[in-house]
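Student: Work out the full structure: start from the sequences and follow the hints.
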Amino acid sequence: MDNKLEQIVQALQEKFKAQGEEFRGEAHVLVGAGQIVEVLTWLRDQQNFELLSAMTAVDYCPQEEPRFHVVYQLTSVANNLSLMLRIPVNGDKPEVPTATGVFGNAIWREREIWDMFGVRFAGHPDPRRILMPPDWEGHPLRKDYPLGYEEPQFTFNFEEIDLRKPYAKE
Amino acid sequence: MGIEQKLGNMGVVTTTLEGVVNWSRTRAMWPMLFGLACCAIEMMSAQAPNYDMSRFGMELMRASPRQSDLMIVAGRVSRKMGPVLRRLYDQMPEPKWVLAMGDCASCGGVFNNYAIYQGVDEVVPVDVYVAGCPPRPEALIHGVMTLYEKVKSEKFRDLAAKA
Numbered sequence: 000m001d002n003k004l005e006q007i008v009q010a011l012q013e014k015f016k017a018q019g020e021e022f023r024g025e026a027h028v029l030v031g032a033g034q035i036v037e038v039l040t041w042l043r044d045q046q047n048f049e050l051l052s053a054m055t056a057v058d059y060c061p062q063e064e065p066r067f068h069v070v071y072q073l074t075s076v077a078n079n080l081s082l083m084l085r086i087p088v089n090g091d092k093p094e095v096p097t098a099t100g101v102f103g104n105a106i107w108r109e110r111e112i113w114d115m116f117g118v119r120f121a122g123h124p125d126p127r128r129i130l131m132p133p134d135w136e137g138h139p140l141r142k143d144y145p146l147g148y149e150e151p152q153f154t155f156n157f158e159e160i161d162l163r164k165p166y167a168k169e
Numbered sequence: 000m001g002i003e004q005k006l007g008n009m010g011v012v013t014t015t016l017e018g019v020v021n022w023s024r025t026r027a028m029w030p031m032l033f034g035l036a037c038c039a040i041e042m043m044s045a046q047a048p049n050y051d052m053s054r055f056g057m058e059l060m061r062a063s064p065r066q067s068d069l070m071i072v073a074g075r076v077s078r079k080m081g082p083v084l085r086r087l088y089d090q091m092p093e094p095k096w097v098l099a100m101g102d103c104a105s106c107g108g109v110f111n112n113y114a115i116y117q118g119v120d121e122v123v124p125v126d127v128y129v130a131g132c133p134p135r136p137e138a139l140i141h142g143v144m145t146l147y148e149k150v151k152s153e154k155f156r157d158l159a160a161k162a
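Residue numbers (numbering that gives the first Met the number 0), protein chains in the order written: chain L, 0 to 169; chain G, 0 to 162.
A few of these clues could be false.
[What the hints assert, rightly or not] Below, computed lysine-lysine pairings styled on DSSO-like, alpha-carbon distance capped at 27 Å:
{"hint": "1", "chain 1": "G", "residue 1": "LYS151", "chain 2": "G", "residue 2": "LYS161"}
{"hint": "2", "chain 1": "G", "residue 1": "LYS151", "chain 2": "G", "residue 2": "LYS95"}
{"hint": "3", "chain 1": "L", "residue 1": "LYS168", "chain 2": "G", "residue 2": "LYS79"}
{"hint": "4", "chain 1": "G", "residue 1": "LYS149", "chain 2": "G", "residue 2": "LYS95"}
{"hint": "5", "chain 1": "L", "residue 1": "LYS168", "chain 2": "G", "residue 2": "LYS154"}
{"hint": "6", "chain 1": "L", "residue 1": "LYS168", "chain 2": "G", "residue 2": "LYS5"}
{"hint": "7", "chain 1": "L", "residue 1": "LYS164", "chain 2": "G", "residue 2": "LYS149"}
{"hint": "8", "chain 1": "L", "residue 1": "LYS164", "chain 2": "G", "residue 2": "LYS95"}
{"hint": "9", "chain 1": "L", "residue 1": "LYS142", "chain 2": "L", "residue 2": "LYS92"}
{"hint": "10", "chain 1": "G", "residue 1": "LYS79", "chain 2": "G", "residue 2": "LYS95"}
{"hint": "11", "chain 1": "G", "residue 1": "LYS149", "chain 2": "L", "residue 2": "LYS168"}
{"hint": "12", "chain 1": "G", "residue 1": "LYS161", "chain 2": "L", "residue 2": "LYS168"}
{"hint": "13", "chain 1": "G", "residue 1": "LYS5", "chain 2": "G", "residue 2": "LYS95"}
{"hint": "14", "chain 1": "L", "residue 1": "LYS142", "chain 2": "G", "residue 2": "LYS149"}
{"hint": "15", "chain 1": "L", "residue 1": "LYS16", "chain 2": "L", "residue 2": "LYS3"}
{"hint": "16", "chain 1": "L", "residue 1": "LYS92", "chain 2": "L", "residue 2": "LYS16"}
{"hint": "17", "chain 1": "L", "residue 1": "LYS14", "chain 2": "L", "residue 2": "LYS3"}
{"hint": "18", "chain 1": "L", "residue 1": "LYS164", "chain 2": "G", "residue 2": "LYS5"}
{"hint": "19", "chain 1": "G", "residue 1": "LYS154", "chain 2": "G", "residue 2": "LYS95"}
{"hint": "20", "chain 1": "G", "residue 1": "LYS79", "chain 2": "L", "residue 2": "LYS164"}
{"hint": "21", "chain 1": "G", "residue 1": "LYS149", "chain 2": "G", "residue 2": "LYS161"}
{"hint": "22", "chain 1": "G", "residue 1": "LYS95", "chain 2": "L", "residue 2": "LYS168"}
[Said to hold, decoys possible] Computed spacing ranges between beta-carbons, pair by pair:
{"hint": "23", "chain 1": "L", "residue 1": "LYS142", "chain 2": "G", "residue 2": "ARG78", "range": "19 to 29 Å"}
{"hint": "24", "chain 1": "L", "residue 1": "GLU158", "chain 2": "G", "residue 2": "GLU148", "range": "58 to 68 Å"}
{"hint": "25", "chain 1": "G", "residue 1": "THR13", "chain 2": "L", "residue 2": "ASP134", "range": "53 to 63 Å"}
{"hint": "26", "chain 1": "L", "residue 1": "LEU140", "chain 2": "G", "residue 2": "ARG85", "range": "50 to 60 Å"}
{"hint": "27", "chain 1": "G", "residue 1": "ARG26", "chain 2": "L", "residue 2": "PRO124", "range": "53 to 63 Å"}
{"hint": "28", "chain 1": "G", "residue 1": "ARG86", "chain 2": "L", "residue 2": "ILE160", "range": "52 to 62 Å"}
It is worth saying that the hints were derived from the structure and are not from the lab.
Bear in mind that the values here come from a model prediction, so they are computed numbers and not experimental data.
Think of the CB as a built atom: it goes at the ideal place given N, C-alpha and C, for glycine as much as any other residue.
Tutor: Written out as structure tokens, the structure is:
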């Protein structure tokens with residue numbers, strides 16, 4: 000890890016009782032859901048991490064509990080550093096405070112995480128689906144969501160699949 | 000051939016009403032721009048000077064569905080886009096045809112999942128399917144010529160039965 004990044008991770012560990020880890024040269028820090036807004040504000044104001052480059056979520060079901068990790072990738076353009084924050088969230092009624100107050104571009108990323116994973120963001124100004132149609136049920140990127148594929152029509156099963164396909168008539 | 004020569008000299012052509020109507024429909028069929036994804040690039044290049052489609056009557060592509068005859072669905076249609084596609088199709092005046100361009104519009108293509116319609120014929124009735132990912136401009140022009148053959152063989156009694 001970079002020297003400067005080391006120091007920042009150390010500071011995070013002391014100040015917020017976060018847990019820093021490293022994997023293949025990338026530093027990531029596990030933070031609790033309640034502290035995330037404080038941590039982001041501190042990193043943005045004090046440590047010059049002006050840019051939230053990426054925000055996404057991962058579903059570790061059924062291997063790991065807690066099930067979701069909400070991942071924030073922060074970049075410091077001034078110091079050329081990159082840091083990842085992760086929030087472990089439980090599976091039933093997952094909820095995280097919103098980061099839109101700190102980083103403006105989090106607004107659509109949080110909508111995408113809500114749409115694809117079902118993680119609610121408390122205080123989000125515009126909580127609606129962004130990729131799927133507004134009346135869609137379910138959260139597609141969860142591991143227990145069915146793939147939703149259609150059986151390929153070969154010659155031997157052409158007719159039976161053809162009968163089931165919803166063709167539009169006029 | 001005597002009478003036709005005589006009439007030709009006088010500047011008269013005899014034909015059937017169906018023939019004339021179908022001929023005029025094929026000679027100036029204006030497509031509606033419905034380029035959704037990568038196939039749109041091939042549609043544009045088919046319209047461009049190298050593989051000119053205005054030789055075949057598609058002089059210009061109309062953005063407005065009210066002024067177009069043919070809807071070339073070029074690209075994948077997602078579940079969110081389906082109602083929009085259907086609404087634009089409903090806004091086109093008769094006679095109208097639909098050409099499904101590319102694999103995604105014909106059968107879902109490489110995207111066999113919950114978010115993409117497996118073939119645009121789940122939303123609108125399709126007349127001609129053009130295969131390819133993306134189809135070459137020559138393949139699209141071949142699809143258009145096939146559609147012209149289909150239009151030329153349309154009979155009034157079928158249209159009357161439909162109405």
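Student: With reference to the structure, classify each hint as holding or not holding.
Tutor: Now for the hints, and whether the structure bears them out:
Under the criterion of a C-alpha separation no larger than 27 Å, the hint pairing G/LYS151 with G/LYS161 is consistent with the structure, at around 17 Å. Of the pairs offered as hints, the one joining G/LYS151 and G/LYS95 holds, with about 14 Å between alpha carbons and a cut-off of 27 Å not exceeded. About 20 Å separates the Cα atoms of L/LYS168 and G/LYS79, which keeps this hinted pair within 27 Å; it holds. For a cut-off of 27 Å, the pair hint linking G/LYS149 to G/LYS95 stands: about 13 Å separates their Cα positions.
Between L/LYS168 and G/LYS154, the direct Cα distance comes to roughly 20 Å. Compliance with the 27 Å bound is thereby established for this hinted pair. For the hint pairing L/LYS168 with G/LYS5, the CA-to-CA distance comes to about 48 Å; that exceeds 27 Å, so the pair is violated. At most 27 Å may separate the alpha-carbon atoms for a hinted pair to count; L/LYS164 and G/LYS149 meet this at roughly 24 Å. This hinted pair checks out: L/LYS164 and G/LYS95 have alpha carbons roughly 23 Å apart, not beyond 27 Å.
About 16 Å separates the Cα atoms of L/LYS142 and L/LYS92, which keeps this hinted pair within 27 Å; it holds. Distance restraint check for G/LYS79 and G/LYS95: the Cα-Cα separation of roughly 24 Å lies within the 27 Å cut-off, and the hinted pair is therefore satisfied. Proximity of G/LYS149 to L/LYS168 is assessed by CA-CA distance (about 19 Å); at most 27 Å being required, the pair is judged to hold. Between G/LYS161 and L/LYS168, the direct Cα distance comes to roughly 12 Å. Compliance with the 27 Å bound is thereby established for this hinted pair.
With a C-alpha separation of about 38 Å, the suggested pair G/LYS5 and G/LYS95 falls outside the 27 Å cut-off, and the hint is violated. At roughly 47 Å between alpha-carbon atoms, L/LYS142 and G/LYS149 are farther apart than 27 Å, so this suggested pair is violated. Of the supplied pair hints, the one linking L/LYS16 and L/LYS3 holds, its CA atoms being roughly 19 Å apart against a limit of 27 Å. In summary, the hint linking L/LYS92 to L/LYS16 is supported, as the alpha carbons are separated by about 25 Å, within the 27 Å threshold.
At most 27 Å may separate the alpha-carbon atoms for a hinted pair to count; L/LYS14 and L/LYS3 meet this at roughly 16 Å. Proximity of L/LYS164 to G/LYS5 is assessed by CA-CA distance (about 56 Å); at most 27 Å being required, the pair is judged violated. Pair hint G/LYS154 plus G/LYS95 holds up; C-alpha atoms about 15 Å apart against a cutoff of 27 Å. Distance hint between G/LYS79 and L/LYS164 is fulfilled; the C-alpha atoms sit about 19 Å from each other, no more than 27 Å.
Between the alpha carbons of G/LYS149 and G/LYS161 the distance comes to roughly 16 Å, so the proposed pair stays at or under 27 Å and holds. Pair hint G/LYS95 plus L/LYS168 holds up; C-alpha atoms about 14 Å apart against a cutoff of 27 Å. A C-beta distance of roughly 21 Å is found between L/LYS142 and G/ARG78, which places it inside the suggested range of 19 to 29 Å. Range check, L/GLU158 to G/GLU148: Cβ separation about 27 Å, and the 58 to 68 Å hint is violated.
Restraint check, G/THR13 to L/ASP134: a C-beta distance of roughly 58 Å satisfies the suggested window 53 to 63 Å. Evaluation of the 50 to 60 Å hint for L/LEU140 and G/ARG85 yields a failure: the beta carbon distance comes to about 27 Å. Judged by the Cβ atoms, the range 53 to 63 Å given for G/ARG26 and L/PRO124 holds: they are separated by roughly 54 Å. Distance hint for G/ARG86 and L/ILE160: a CB-CB separation of about 28 Å, inconsistent with the stated range 52 to 62 Å.
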